[in-house]
Amino acid sequence: MVSLELSVLTLNVWGIPFVSSDRAERMQHIGKELSSGKYDIVSLQEVWTEKDSMVLQELTKAILPYAHYFYSGVIGAGLLVLSKFPIVSTLFHSWTVNGYCHRIQHADWFGGKGVGMCRIRVGDRYVHLYNAHVSIFTTIFFFFGKLLFWKMTEVLVFERMLTFFPTTDFFFQN
1 MVSLELSVLT LNVWGIPFVS SDRAERMQHI GKELSSGKYD IVSLQEVWTE KDSMVLQELT
61 KAILPYAHYF YSGVIGAGLL VLSKFPIVST LFHSWTVNGY CHRIQHADWF GGKGVGMCRI
121 RVGDRYVHLY NAHVSIFTTI FFFFGKLLFW KMTEVLVFER MLTFFPTTDF FFQN
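Mapping of the sequence shown onto the numbering used here: position 12 corresponds to residue 12, and the numbering continues sequentially without gaps.
Treat the hints loosely; a few may be bogus.
What the hints assert, rightly or not - When the alpha-carbon atoms are kept at most 16 angstroms apart in a straight line, the in silico EDC-like pairs for lysine to aspartate or glutamate are as follows:
(1) Lys51 <-> Asp22
(2) Lys84 <-> Glu5
(3) Lys84 <-> Asp22
(4) Lys61 <-> Glu5
(5) Lys32 <-> Glu5
(6) Lys38 <-> Glu5
(7) Lys61 <-> Asp22
(8) Lys84 <-> Glu25
(9) Lys61 <-> Asp40
As the list claims (entries may be wrong) - Pair ranges (Cβ atoms, derived):
(10) Lys61 <-> Asp22: 22 to 30 angstroms
(11) Leu9 <-> Val88: 16 to 24 angstroms
(12) Gln28 <-> Val8: 31 to 39 angstroms
(13) Ala62 <-> Ser94: 15 to 23 angstroms
(14) Ser7 <-> Ser89: 31 to 39 angstroms
(15) Val2 <-> Lys32: 17 to 25 angstroms
(16) Ala24 <-> Ser3: 16 to 24 angstroms
(17) Tyr126 <-> Phe18: 22 to 30 angstroms
(18) Phe18 <-> Arg125: 38 to 46 angstroms
(19) Arg121 <-> His29: 14 to 22 angstroms
(20) Lys38 <-> Trp14: 14 to 22 angstroms
Keep in mind the hints are simulated off the structure, nothing from the lab.
Note that the Cβ used here is the ideal one computed from N, Cα and C, for glycine as well.
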């Protein structure tokens, strides 16, 4: 069997508009690091604005000329893939459980979360890269005591199961 060595980075850039501090400056620094040539494929989460996506693509295009931003929901899926190699096809699977509209600070409900797949041609081979960003159901309110913490953990486990069981079908179909 012939081996294939790639340098792959995944990073949550924390790009929530109006919430994330120093977002524009952070995108500049992240873009400069990604353009260093250390990475063959980059999988980013929480790239919530098209402007941030364009900034990152512009800063990295000399080294990572291929890109795909996954659009979904009201504000997008927040997923961006940058690659040194051609992205020949993409597919997106939306999750049915995407947070709650009354938890505005989480932004999960507004972004159509799910898992994106990029089929990337590396020489004469193909790599399937999956990029996902799970919901923020992990909010923990310690100051309300252990009972609330355990209740939220119970809800978290149930919601994650609802999210990931259909996703396994998506992986095996592609």
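Self-check item: Supplied distance hint 15 to 23 angstroms, evaluated on CB atoms of Ala62 and Ser94
Solution: Distance hint for Ala62, Ser94 is violated at roughly 33 angstroms.
Quiz item: Honestly, do Leu9 and Val88 meet the 16 to 24 angstroms range at C-beta?
Solution: 21 angstroms, holds
Self-check item: Range hint 31 to 39 angstroms (beta carbons of Gln28 and Val8) holds or violated
Solution: Distance hint for Gln28, Val8 is violated at roughly 22 angstroms.
Quiz item: Taking the beta carbons of Lys38 and Trp14, is their distance inside 14 to 22 angstroms?
Solution: Roughly 21 angstroms apart at Cβ, these two residues keep to the hinted range, so it holds.
Quiz item: Does the Cβ distance between Phe18 and Arg125 fall inside 38 to 46 angstroms?
Solution: At 42 angstroms between Cβs, range holds.
Practice problem: Sort out whether Glu25 lies within 16 angstroms of Lys84, counting only the CA atoms. | Solution: 24 angstroms, violated
Exercise. Given the hint of 17 to 25 angstroms, check if Val2 and Lys32 actually sit that far apart at their C-beta atoms.
Key: Because 34 angstroms falls outside the window, the suggested range is violated.
Self-check item: Cβ separation of Tyr126 and Phe18, checked against the hinted range 22 to 30 angstroms
Solution: 39 angstroms, violated
Practice problem: Given the hint that Lys51 pairs with Asp22, test it: the Cα-Cα distance must not exceed 16 angstroms. | Solution: 15 angstroms, holds
Quiz prompt | 16 angstroms limit on alpha-carbon distance, applied to hinted pair Lys61 and Glu5 | solution = 22 angstroms, violated
Quiz prompt | Hint check for Ser89 and Ser7 - Cβ pair distance inside 31 to 39 angstroms | solution = Violated: the Cβ-Cβ distance is about 22 angstroms, outside 31 to 39 angstroms.
Quiz item: Lys38 and Glu5: Cα distance at most 16 angstroms?
Solution: 13 angstroms, holds
In this structure, the hints that do not hold are numbers 3, 4, 5, 7, 8, 12, 13, 14, 15, 16, 17, 19, in rising order.
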